[in-house]
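*Asks:* Going by the numbering used here, the first residue of the sequence shown is number 1, and it counts up by one from there.
It is possible that some hints are incorrect.
The calculated DSSO-like cross-link candidates involving lysine-lysine, where the alpha carbons are at most 30 Å apart (straight line), are [what the hints assert, rightly or not]:
| no. | residue 1 | residue 2 |
| --- | --- | --- |
| 1 | K121 | K7 |
| 2 | K14 | K244 |
| 3 | K7 | K118 |
Read the hints as simulated data drawn from the structure, not as lab findings.
In this text the structure is predicted, and so the values were computed from the model without any measurement.
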Amino acid sequence: MSFLKRKGVTLSAKSYLIGAMSAMAQGLFASLLVGTILSTIGQLTGLTLLADIGQFASSIKGAAMAMAVGYALQAPPLVLYSLLAVGQASDQLGGAGGPLAVYVISLIACEIGKLISKETKLDILITPLVTIISGCLLALWIAPTIGQVASSSGNLIMWATELQPFLMGALIAIFMGMILTLPISSAAICAALGLTGLAGGAALAGCCAQMIGFATMSYRANGIAGFVAQGLGTSMLQVPNILKKPIIWLPTILTSAVTGPLATMFFKLEMNGPAISSGMGTSGLVGQIGVYTGWISDIAAGHKTAITSLDWIDLVTISFLLPAVLTGILSHICQKWHLYSDKDLQLDL
Numbered sequence: 001m002s003f004l005k006r007k008g009v010t011l012s013a014k015s016y017l018i019g020a021m022s023a024m025a026q027g028l029f030a031s032l033l034v035g036t037i038l039s040t041i042g043q044l045t046g047l048t049l050l051a052d053i054g055q056f057a058s059s060i061k062g063a064a065m066a067m068a069v070g071y072a073l074q075a076p077p078l079v080l081y082s083l084l085a086v087g088q089a090s091d092q093l094g095g096a097g098g099p100l101a102v103y104v105i106s107l108i109a110c111e112i113g114k115l116i117s118k119e120t121k122l123d124i125l126i127t128p129l130v131t132i133i134s135g136c137l138l139a140l141w142i143a144p145t146i147g148q149v150a151s152s153s154g155n156l157i158m159w160a161t162e163l164q165p166f167l168m169g170a171l172i173a174i175f176m177g178m179i180l181t182l183p184i185s186s187a188a189i190c191a192a193l194g195l196t197g198l199a200g201g202a203a204l205a206g207c208c209a210q211m212i213g214f215a216t217m218s219y220r221a222n223g224i225a226g227f228v229a230q231g232l233g234t235s236m237l238q239v240p241n242i243l244k245k246p247i248i249w250l251p252t253i254l255t256s257a258v259t260g261p262l263a264t265m266f267f268k269l270e271m272n273g274p275a276i277s278s279g280m281g282t283s284g285l286v287g288q289i290g291v292y293t294g295w296i297s298d299i300a301a302g303h304k305t306a307i308t309s310l311d312w313i314d315l316v317t318i319s320f321l322l323p324a325v326l327t328g329i330l331s332h333i334c335q336k337w338h339l340y341s342d343k344d345l346q347l348d349l
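Make the full structure from the sequences, and use the hints.
*Replies:* What follows is the structure in structure tokens.
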């Protein structure tokens with residue numbers, strides 16, 4: 001144990017589940033999500049340069065997440081830099097479970113690298129070799145399995161699509177919203193399942209409920225920076241807090257259960273754009289742009305005559321207004337019952 005302590009390997013649940021997970025979420029935000037926002041702005045404004053920059057940022061999300069994990073675990077420089085390759089391999093091989101694969105494999109590779117760091121006279125060669133080889137072997141071995149486990153959640157989604165609209169809307173919204181918040185790629189699952197139409201609308205509603213919901217209910221704790229990071233970025237930033245106090249997830253899950261059926265039965269919100277947009281929520285407004293492109297496609301195909309003001313009202317209501325209002329009310333009730341406090345929602349931004 002003295003050797004582990006000297007090498008900075010703490011075997012601490014707090015360091016691994018809270019510190020490393022929080023850092024990984026920030027790494028994802030600083031790469032994929034910022035890249036998505038830039039790409040969206042570039043596409044909307046016709047600034048192809050911004051869109052290209054966004055693609056560059058998004059393409060290295062695996063490396064960014066791995067480096068963030070290493071930084072949180074206070075990895076020595078050579079270990080930290082070597083984790084870039086480990087993260088990229090884990091993300092590519094992990095499929096829908098890419099973020100989770102990066103987290104698990106980078107954490108293990110980082111600790112292995114720390115054990116060997118500065119133990120030989122050829123440290124500049126041995127440490128990167130050990131870190132990269134061990135990490136990439138782990139990626140080849142377990143990342144595909146993690147991806148398959150993550151993708152298996154799609155079986156639940158497909159089962160839900162066969163139910164009547166009310167239950168379908170509720171269950172898909174709940175499932176996809178929770179998947180979005182967890183270190184699993186909800187967008188990849190939606191793309192793989194081809195989740196469009198009313199089912200895609202329910203998925204979008206659930207994802208928006210998580211993102212706008214957490215952004216709203218944690219506003220007093222995190223201010224405008226936290227609101228933007230979660231509302232336009234990812235609710236995954238709250239995972240460490242959820243692990244510490246799972247009850248904070250209740251308001252957004254209940255909101256998903258309400259907005260999902262409303263999307264399918266009352267608003268008739270359909271995602272007829274790219275299926276991947278169904279799992280993006282409000283991240284970079286990709287979900288909303290997906291709905292809009294679906295409207296354009298429907299008009300071109302003769303299924304829709306025009307985009308009306310009611311269409312926009314429905315989209316804004318499901319994506320932003322209802323998630324903010326419902327989670328705000330539910331969170332107030334939870335805090336009044338002393339289930340949690342604003343401090344439990346605080347992010348390290």
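*Asks:* Would the hint linking K14 and K244 be met if the CA-CA limit is 30 Å?
*Replies:* Answer holds: K14 to K244 is near 9 Å, not above 30 Å.
*Asks:* Within a Cα-Cα threshold of 30 Å, do K121 and K7 meet the stated pairing?
*Replies:* holds (17 Å)
*Asks:* Does the alpha-carbon distance linking K7 and K118 stay inside the 30 Å limit?
*Replies:* Satisfied, since the Cα-Cα distance of roughly 10 Å is no more than 30 Å.
Checked against the numbered hints given earlier, this structure breaks none of them.
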